[in-house]
Amino acid sequence: MFRSTSPPTGATKRPAAAGLALTRMRRRVQFGRAGVWAALAAGPLALAVAVGRPSPTVAASPEPREQRTAQTTSVADPSDYVAEFVDAWLRSSDDASSAASRRAQAMAPDVPLPSLDEDAPTPRRVTPVRSAPREGGRWSVTVAAQYADAVRYFAVPAIIAADGGSFAVTTAPALVAAPSEHPLPEPTYKVTVEEGPLTATAGEFLAAYLAGRGEVARYLAPGVKLSAVSPAAATSVEVEEVSAREESAAGERVPRDGTRVHVLVTVEARGKSGRWPLAYELTLTARGGRWEIAALEAGTTATAGGARR
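Sequential numbering from 1 applies to the sequence shown in the working numbering.
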């Protein structure tokens, strides 16, 4: 066998390419040294810049960002301050040395004080009932002054810093009318529920819940947890009205398992101090021929259309 002694074609090109790369590297080193020596001649600061300067790279220009203007709004609600001011203002008089007058003038020195007779009634309590923010930290606050025989409403313009650190009443309060009656929405619970298994379960559950008569847990659906009012708020609970959303709640028999209904139950709770008419929204589910409480809600905007007495 014969082997060729001539070097491969690629072998003759590799030394030349390696030599060219070595030459370029030496030039870079020489340029770098020249830059360092020039920096030494210029001073320490130039040396630091020359040594720490990264190699130039091409970076994509950042996309233009949308400029947003920060809007600072007042987060402090001056309602309690206004109520305190109105309470002092209604108790003050022409005598600027009285405690109420000094308190009102300390909070609003530019607001004139009322001139009231010595036997003029004073409010039992002043409570904020409405607050509406305006621009620039300004607010409009309405308070209710509760007297022995009436309730007076005052609208007060005020301004407060965003952190609540400063407060001012800008003008004298305005005596305004009470809010008008708002129309009630359409009844949510339209089905009348007569006496039967559902009303019995609801009544027994609320007796346990409010008066501690029996265990609440025995009326709850599986997985539902609900604690009774403690200490017990009533000695007896009587169902007054029951209305439902679904027709299946009004049946004389408990429907098939899994049936779910929503009812509004009005009860009269009696205790040592008197009686209270109370209303609860209950969700009940049918299981094993009985109704069980699946949820309890209170204080919603539900209205009843049916009734039972």
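Just to be clear, a hint being listed does not mean it is correct.
Pair by pair, the computed Cβ-Cβ distance ranges are [stated by the list, open to error]:
id: 1; residue 1: Pro-183; residue 2: Arg-138; range: 29 to 35 angstroms
id: 2; residue 1: Gly-271; residue 2: Arg-138; range: 45 to 51 angstroms
id: 3; residue 1: Leu-184; residue 2: Pro-222; range: 18 to 24 angstroms
id: 4; residue 1: Thr-266; residue 2: Gly-214; range: 19 to 25 angstroms
id: 5; residue 1: Arg-102; residue 2: Glu-204; range: 54 to 60 angstroms
id: 6; residue 1: Arg-275; residue 2: Glu-118; range: 36 to 42 angstroms
id: 7; residue 1: Val-224; residue 2: Arg-102; range: 55 to 61 angstroms
id: 8; residue 1: Leu-226; residue 2: Glu-118; range: 41 to 47 angstroms
id: 9; residue 1: Glu-297; residue 2: Asp-163; range: 35 to 41 angstroms
id: 10; residue 1: Gln-146; residue 2: Glu-204; range: 37 to 43 angstroms
id: 11; residue 1: Leu-226; residue 2: Ser-115; range: 53 to 59 angstroms
id: 12; residue 1: Asp-149; residue 2: Pro-185; range: 29 to 35 angstroms
id: 13; residue 1: Ser-115; residue 2: Ala-155; range: 16 to 22 angstroms
Hints in this document: simulated from the structure, not taken from any laboratory. For glycine and all other residues, C-beta sits at the position ideal for the given N, C-alpha and C.
Tell me the hint numbers this structure goes against, listed in increasing order. Those not satisfied are hints 3, 8.
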